[in-house]
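Each chain, written out:
There are 2 protein chains.
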Amino acid sequence: MRTDNGLLATLTDALGKDAVLVDPDVTSSYRRDMMPLAPHGTPLAVVLPADTAQVQAVVRACGAAGVPIVPRGAGSGLSGAANAIDGCVVLVTSRMNEIVEVDPDNRLVVVQPGVVNLDLRGAVEKHGLFYPPDPSSYDWCTIGGNLSTNAGGLCCVKYGVTTDSVLGLDVVLADGELLRTGRRTVKGVAGYDLTKLFVGSEGTLGVITQATLALRPLPQAPGTLVAAFPSVAAAGAAVSRVVREGIVPSLMEIMDATSIEAVEAHLKTELGAGKGCAALLLCQSDSGGEQARRELSAIEQVCQDTGADLVHSTFDLAEGQMLLAARRAVLMALEEYGTWMTDDVCVPRTRIADLIAGCERISAEVGLRIAVVGHAGDGNMHPTIIYDPTSPGEFERANQAFHDILAVGLSLGGTVTGEHGIGKIKREWLEREIGPVGLRTHRAIKAALDPGNLFNPGSMFSME
Amino acid sequence: MRTDNGLLATLTDALGKDAVLVDPDVTSSYRRDMMPLAPHGTPLAVVLPADTAQVQAVVRACGAAGVPIVPRGAGSGLSGAANAIDGCVVLVTSRMNEIVEVDPDNRLVVVQPGVVNLDLRGAVEKHGLFYPPDPSSYDWCTIGGNLSTNAGGLCCVKYGVTTDSVLGLDVVLADGELLRTGRRTVKGVAGYDLTKLFVGSEGTLGVITQATLALRPLPQAPGTLVAAFPSVAAAGAAVSRVVREGIVPSLMEIMDATSIEAVEAHLKTELGAGKGCAALLLCQSDSGGEQARRELSAIEQVCQDTGADLVHSTFDLAEGQMLLAARRAVLMALEEYGTWMTDDVCVPRTRIADLIAGCERISAEVGLRIAVVGHAGDGNMHPTIIYDPTSPGEFERANQAFHDILAVGLSLGGTVTGEHGIGKIKREWLEREIGPVGLRTHRAIKAALDPGNLFNPGSMFSME
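Listed in order, the protein sequences are those of chains A and B. Under our numbering, the first sequence has 363 at position 363, and the numbering climbs by one with no breaks. Under our numbering, the second sequence has 1298 at position 298, and the numbering climbs by one with no breaks.
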C-alpha cells in the first residue's frame, strides 16, 4: 500500500483530523459498493469534506500529489463505480447533506450532494412538491450518487430519470476550480449542456458539490392494478399494447415466475404462481379521480385482451402499497435461495418477452436460477442471478450468466445498462455498445476535462 | 473572397455539380438567418449533401483544405448561428429530408436532419403520436436546426424542449468519422450523455445526420382560457400562483399592452386594450375531459384571485384556435409599426413582471416601442424592439435596447437565451453568464472534439 504522508498532512490541515480516515478497519467499509462482481482496491485514505472549499482543497492536494480521487456517495451503487482503487483517496460527500433552499414558487430545490433521496422527498413534500427519481435504494442513497449515475427507479415511465430533473450543478474540476453549470430557469440554451454531461459521468469528470433540481406538483394518491398472465409473452404483449395505445401509467413493473415464487415464499402470500401465473404486471396511475380510473380501466382492457388470467384494480391505498411491497420485496425474497447478483439491461419495450426468454435459456445453460423483475414501462429489466458462493464454480457460472444477459440485451437493440451504470464491471461492454468512435470521443472529453486522469481513473473506460 | 478550386473540385466530385453552389447570386440567400443584428460573411460555396457519406466527404475535404464549415438547416434561426463566415463552406441539410422509420410500438421515429418540423408532426400524427417541440417557425424550420439550437416553443411548459425528445444521434465528427450517440431505448446510462452535448451545440461540434426521437401519445383537443389583467404585475402574480398551485397547462403565453394593441390593429379584433387591459394570459389544457375542465377552472380561479378583469374559457376548438392565432400574429402585427428585432431571455417564473417592467423602462430610455410576448409558463420572454432602419440612429438604439434587456434578464437570475441560442450575436453574453471557468470548459470540449476549429468557428464563443 502506498503511503504519502505529505498528502495526508495537507488533507488533515484542510479538513481536520476527523475528516481524514486512514485506519484500515475504518476505511475498509468505504472500499466497495453493493455489486459483488466489481473489483475494489485499498484506499490510501477516506476523506469527508464538509463544504465545497474543502472539496477544492482535496482535489488540489491530490492533483499535486498525483493521487487519484474516487468520489462516493452512500455506496448503494450496483456497478462498482465508487469502488476504491489501490492508493486512492475516497472522497465521501455524506457530510455535505444540507438542503440549501426550497423555492416552491419556482418549483426548485438547491441541495448538497450528501442529502439522502428520501430526505429530499420529505422536505419538498411539505410544500406540496415532488422530486420524482426513486431508485430502489431511495431510503439511503444520496443525491450526489443519483446524479453521478443518472439514477432511475420506478417512476421513470412517467417522469423520466435523474437528468430530467436537474437544472444546474456546481462541480469541482480537476484543477480545483469551481464550475457552475445550468441555471435556475426551466429553459435555457446558453452554451453546451454541461449539466447533462456531468450527470451520469460516474465521478470521472469532477466532484458535484451542489445541485439545483426541478420539482413537480405532488401527484395524486395512486390507484393500483395487478394482472397475472399465463405466459411471459402475453405479459410482454400487454406492455407493448399499453405503450401503443398511448397510456402512460406512473408505474409499470413486471415480475417473472421465479420472482413471484420467491416473494410468495418470503411474504407468505399468494400471488398466483401455484395457479400457472408465469408473469405479473403491476401498474399504477397517479393522475387522480376520473383520469386515473380511465387509465387503469384502459390497462385492464389491454390485459384482458392479451390473455391475462386475472386483473384486479384497487384505489385502496393500503392494498396498493401491499401489492407494491411484493415488487419491492423481490431481492430480499431471493436471498432465501442464495446470494444474488442483479443485472441491468434496457431493451425496446417490444422486446421484453424476448429478453425474459433469453434469461430462461441462460438459466438452463448455467444451471442457476435467474429471476427477472423490471421496469416494464421503459424496458429496463433486472435479471437477477442466484448462486451459492461456497459451491465450487457457481460464482464463475453466475458471472458467465451476468455477461450472457448483456449480450442478449444488446442483440435485442438494447443497452448494457439502463440505470446502474458501467462502473468497474461493464467497461468492455461500454466499448461493445458504443464502438471505437464512441470510445474515442469519451476519451477525448475525459482528457480535456481531467488531463491528469485524477477522477476515478479506469472506471467506465480506460484511457489506453 | 477566397477561391479554392482544389476543394471545389473535390466537393463537386463527391456531391455532384448540382449540390455545390458557388454563384454569389444563389449563395447569397444562404448567408444569414432571420436575426438582423448578426454579422454574416460570404461563403466560398454552399453544399447540399444527400446523405451521411456525402457529409463525411465534405467534412474530410474541408478539413484537409482548412476551410471552415457552417452547418445550416432552413435558416429560420434568430441568433446568426448558421450565418456564413467569409470563405467558409455552408453545409445545408435540406436534401436529407427522409423520415427513415416510424416505430409506433416503441413510440419513436428516426429522421434525417432536413425534415421540416411540421412534416414530422404530420407523419407521426397518423399513428396517433405526437412530437412536442413546436418552435414558432415549425412550418418551415428543420429538425436538424431544432436539434442544433435545442429549440423550444409553446409546448415546453408541459412537454419540455427539443433535448427532452432526443434518444440518439448520428454525428459526423471533425475527422469525418461517424459517431452514434444514445440508443433506441427510453432509458440508458452507458457512458457520457453525448446526445445532449451535441443537442444545442449550434453546429460547433459536428454535423448531425440522423436523429432518433421519442414520441408521446397524441394529446386531447385543447381547451383554451384567456384572461385580461389591468396590470402586468397582476398577470405575473397569476403565473406564479399557477406554478405554485401545481397546475401544469399545456400552454401559457403572455402578451403585454403593446403586443395586444398591435394585434388588435392587425387582426381588426378587440382584445381589451381599449378597456385598460395591460396584459393578456392565454392558457390551454390538452388533458381532455374532466381533467382539462378542472385545470382550466383552477387557472380561472387563480386569475380572478389575482385581479383579472375578464376571464373566458372555451372548449370550442375554432374559438381556441382564434385566440391562439392572436398570439401567433404578434410579430407580423408589429411589422405595421416598423422593423422588429426579437430578443430572448428566460427568467425565474416569479420574475416575469419585473422583466416586463424593465423592458418598459428601457423602451422609455431608448425612445423605441418594445412589445413583450412570451412563454409565461417557463419564464421565456421575447421582448421585441420596433425600429425604423432608415431613421438615423434607430438601429443603434434598438441594438442598445436588445443588450440592455439581456442585462435585466441576467440581473433577475435569468439566462441570456431561453431558446434562440448564442450564435453570433450573444458571444460576449455567454461569457458574462457562464463565467471564466465555464468558458474555459467550453473551449476544452470544443478543442477536444474539433481540434482544427473546423465547425462554425467563432460562433457561440471564440477559441482565443
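None of these hints come from the bench; they were simulated from the model. Hints may be right or wrong, so weigh each one.
Straight-line distance between alpha carbons at most 25 Å, and here's what the computed DSS-like set of lysine-lysine pairs gives [stated by the list, open to error]: (1) Lys158(A) / Lys1268(B); (2) Lys1158(B) / Lys126(A); (3) Lys158(A) / Lys126(A); (4) Lys158(A) / Lys1158(B); (5) Lys1126(B) / Lys1158(B).
All values reported here derive from a predicted model rather than from experimental measurement.
Okay, the hints, checked on the actual structure:
no.: 1; hint: Lys158(A) / Lys1268(B); in the structure: 43 Å, violated
no.: 2; hint: Lys1158(B) / Lys126(A); in the structure: 23 Å, holds
no.: 3; hint: Lys158(A) / Lys126(A); in the structure: 22 Å, holds
no.: 4; hint: Lys158(A) / Lys1158(B); in the structure: 13 Å, holds
no.: 5; hint: Lys1126(B) / Lys1158(B); in the structure: 22 Å, holds
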